[in-house]
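Enquirer: Make a model of the complete structure from these sequences and hints.
Chains D and Y, in that order, give the protein sequences. Note that my numbering has the first sequence beginning at 0, numbered continuously upward. Note that my numbering has the second sequence beginning at 0, numbered continuously upward.
Note that these hints are calculated values from the structure, not bench results. Treat each hint with caution, since some may be false.
Since the list gives no way to pick out one identical chain from another, each pair is judged satisfied if it fits inside one copy or across any two copies.
[As the list claims (entries may be wrong)] Cross-link-like lysine-lysine pairs, in silico, DSS-like; alpha carbons within 25 Å at most:
no., residue 1, residue 2
1, Lys308, Lys82
2, Lys4, Lys15
3, Lys308, Lys15
Each chain is listed here by its residues.
Number of protein chains: 2
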Amino acid sequence: MDLYKLTASEVVARTKAGELTVEDYARSLLSRIKERDEAVKAWAYLNPDYVIEQAKKLDQVAPEARGPLHGVAVAVKDVIYTKDMPTQFNSPIYENDAPQVDAASIIILRHAGALILGKTTTTEFAATTTGPKTSNAHDPKRTPGGSSSGSGAAVGDLQAPIGLGTQTGGSTIRPGSFNGIYALKPTWNAISREGQKIYSLLFDTLGLYARSVADLELLADVFEIHDDEPANSSFQIQGASFAICKTMAWDHVGDGTAKAMDKAKALLESHGATVQEISLPEHLKDLPAWHATVLNSEGRTAFLPDYRKAKDKLAPFLHAHVENTHGISRAQQVGAWDNIAAARPQVDKLLGQYDAVIVPSVPDEAPTGLESTGSAAFNLIWTALHTPVVNVPGFQGANKMPIGLSLVGPRYHDRKLLSVSKEVGEIFEAEGGWTRKNI
Amino acid sequence: MDLYKLTASEVVARTKAGELTVEDYARSLLSRIKERDEAVKAWAYLNPDYVIEQAKKLDQVAPEARGPLHGVAVAVKDVIYTKDMPTQFNSPIYENDAPQVDAASIIILRHAGALILGKTTTTEFAATTTGPKTSNAHDPKRTPGGSSSGSGAAVGDLQAPIGLGTQTGGSTIRPGSFNGIYALKPTWNAISREGQKIYSLLFDTLGLYARSVADLELLADVFEIHDDEPANSSFQIQGASFAICKTMAWDHVGDGTAKAMDKAKALLESHGATVQEISLPEHLKDLPAWHATVLNSEGRTAFLPDYRKAKDKLAPFLHAHVENTHGISRAQQVGAWDNIAAARPQVDKLLGQYDAVIVPSVPDEAPTGLESTGSAAFNLIWTALHTPVVNVPGFQGANKMPIGLSLVGPRYHDRKLLSVSKEVGEIFEAEGGWTRKNI
Chain D
0 MDLYKLTASE VVARTKAGEL TVEDYARSLL SRIKERDEAV KAWAYLNPDY
50 VIEQAKKLDQ VAPEARGPLH GVAVAVKDVI YTKDMPTQFN SPIYENDAPQ
100 VDAASIIILR HAGALILGKT TTTEFAATTT GPKTSNAHDP KRTPGGSSSG
150 SGAAVGDLQA PIGLGTQTGG STIRPGSFNG IYALKPTWNA ISREGQKIYS
200 LLFDTLGLYA RSVADLELLA DVFEIHDDEP ANSSFQIQGA SFAICKTMAW
250 DHVGDGTAKA MDKAKALLES HGATVQEISL PEHLKDLPAW HATVLNSEGR
300 TAFLPDYRKA KDKLAPFLHA HVENTHGISR AQQVGAWDNI AAARPQVDKL
350 LGQYDAVIVP SVPDEAPTGL ESTGSAAFNL IWTALHTPVV NVPGFQGANK
400 MPIGLSLVGP RYHDRKLLSV SKEVGEIFEA EGGWTRKNI
Chain Y
0 MDLYKLTASE VVARTKAGEL TVEDYARSLL SRIKERDEAV KAWAYLNPDY
50 VIEQAKKLDQ VAPEARGPLH GVAVAVKDVI YTKDMPTQFN SPIYENDAPQ
100 VDAASIIILR HAGALILGKT TTTEFAATTT GPKTSNAHDP KRTPGGSSSG
150 SGAAVGDLQA PIGLGTQTGG STIRPGSFNG IYALKPTWNA ISREGQKIYS
200 LLFDTLGLYA RSVADLELLA DVFEIHDDEP ANSSFQIQGA SFAICKTMAW
250 DHVGDGTAKA MDKAKALLES HGATVQEISL PEHLKDLPAW HATVLNSEGR
300 TAFLPDYRKA KDKLAPFLHA HVENTHGISR AQQVGAWDNI AAARPQVDKL
350 LGQYDAVIVP SVPDEAPTGL ESTGSAAFNL IWTALHTPVV NVPGFQGANK
400 MPIGLSLVGP RYHDRKLLSV SKEVGEIFEA EGGWTRKNI
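Expert: In structure tokens form, the structure reads like this:
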């Protein structure tokens, strides 16, 4: 097996057993990247010599001093500060900008022994839906989704086992679905967002990519994401209780996701689970509008500095935030804050009645073209509600591109959700219809 | 008049009229600082040569290209990134650390023509109540309050006309009261907190210090803090409607503030206003406990990187956050989030019935000793509620040290609150009993 195909958990096991050096592993990833970069273009910054230098340093760490992610390579979205690499936000304002500071997530990852590979592409400030140069891991003519385009594509294309993304609307889950990988948007503020460009303080969340749930659990350990009750390690689909929720965004659904939802229900039932169809309460039908109001209003605050600095280099979409072209009043802003806040405990209660609730991750498989990163319609409500979300791959669309579904649970039930996602993922990946061709 | 005594508005007017060079002004401030630094010790970093260099550059800017804060000197709390100066958080972990990046607030201030003077002292990460080396502007044996100790003392001591602070509990308003100056904690997220150390995402707020309300209004313009309705520029105390609210924290009150509250009521009434005594609803009595729960829980996330990096160099108080020694469950954390969120619109509605509601800023005048920065008991509820708060000076305690009172209003009524504070401040400063001796 080529080393670049290893999951993070496998890398940890092999380096621990003395069967793998970080340098050999890094060289394998770098040659995979070299081979595939022309097609995928996932990287905003990558310095192979520096990667090898860091890998060699990790190999010199005494076995007893090694961290729980020793040698695990991480692709970092280029809206997250790394003290040894530029951070440019895909914005001409910050071209070649390189603040000497690590984001909170990077400090924690480095301390755990991770190898920071490089910076991955993003839409401008992780805020627009205009795609960067990056292609989908499974079809160069299709978008990888966004805004965490590069991290989603890199992990999907076996260029890194772990990727960091962010999500304010659907920026982690959408690329997860489009590239056929697992994605975790944890409970809001479960991981520090320090050192990550602000768009909306209330919505921005660090997101994680991997090709297995075990890898996401490894990361959750390192970031100390714990539920009040430890997750049931012997959770079984047989006898489990799920719900399917089409949500108020169902108008956006395409054929691919509609079929995946049906198939998911049938598969879980065939494995002995009960699957009930539920709706969100009618009075929450404006959640997407509230999300938009908050996004525009908080974006007004967040992009004022960049607007002042270099308005002409800022996307018109972000001008509109700062200039408040939608004419959102402070009363509307505060009302949206309060309405969403009131919804959170109500939705938690509903979600808590099931082992997990299954909702769409995307309208359909990744669309063709790199100009637009697709729709976040199915993600933004969960971002606003602060709930954990796991994208589980396994289905496919009309063009055999991957489609994932989202499992959601109440706030701070991330570990339970991961443990359920692990069993669900085994079924979806085995019987959902899509199979990863590049491994 | 010595130039260092000028307010920001006066500096703007004089530089605009060609009557003042930024260099002359800066030299006056630097000599004031030189004279007073041994007593006050407000600065964590200050490089006089660099200040003069920056001042000279500002003098070279063509009149038509000058910003609305041209030449206004700003003291910056050392938890806010400045690309040309170290940012050290009063933490040995970050000693001599100097990330090459400006916080959002600094970008906006520089673009408006401000002169960034230097970095002011803070308690460790703006999180503990252990005082830095700094003394109160009006008595070297007394605390300036915290955590924005240096900015509060510097503005109180005429070493800078404007200071930046932050507030998560009472870190802006308390030093404002103790040092006899105006302080504005704006509505949460009205100013971007990007580039300012995170403690609690839901509570952290950038705070502003000045020696006049006009200066705070000047800053509010630059930061584009606007209400839905423009503030009534002809607001008068005669016929105005105020409330006095002792809050559930009244047990903490000392003689100085109790007398100031009575005197405030009498003064406003004597000028023709009605002043009603109100209470917060009984079901909000646990607001201080909810604030503490959120602080501990969000601190658990915020300080994990520093804890991992150098536990031995982190205050025990912050260890306790990360180790969750108070045993706060996720259910309690989420419950506190939701309870506070539900309280916000209720309290807004109550506050909106008056031109302003007057509440204590502090239990009493600044206590003696530099070890502890005092109590935030009267501030933390307003921080949690996201309302704007203005500290208005004018009263004094048993030892003739300044005592201010807080004016609060509903979220995003910052400009109305400032316009009311201006008129209230004229009365409190003229008739409250305390007079600034250093001007």
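Enquirer: Confirm or reject each hint.
Expert: Quick rundown of the hints versus the structure:
In this assembly of identical chains, the alpha carbons of Lys308 and Lys82 lie at most 25 Å apart whether taken from the same copy (23 Å) or from different copies (15 Å). When the C-alpha separation of Lys4 and Lys15 is checked against a cutoff of 25 Å, the pair qualifies only within one copy, where the shortest distance is 18 Å, while the shortest distance between copies is 65 Å. Taking the shortest alpha-carbon separations for Lys308 and Lys15, only the inter-copy value of 22 Å comes in at or below 25 Å, while the best intra-copy value is 49 Å.
The earlier numbered hints are all upheld by this structure, with none contradicted.
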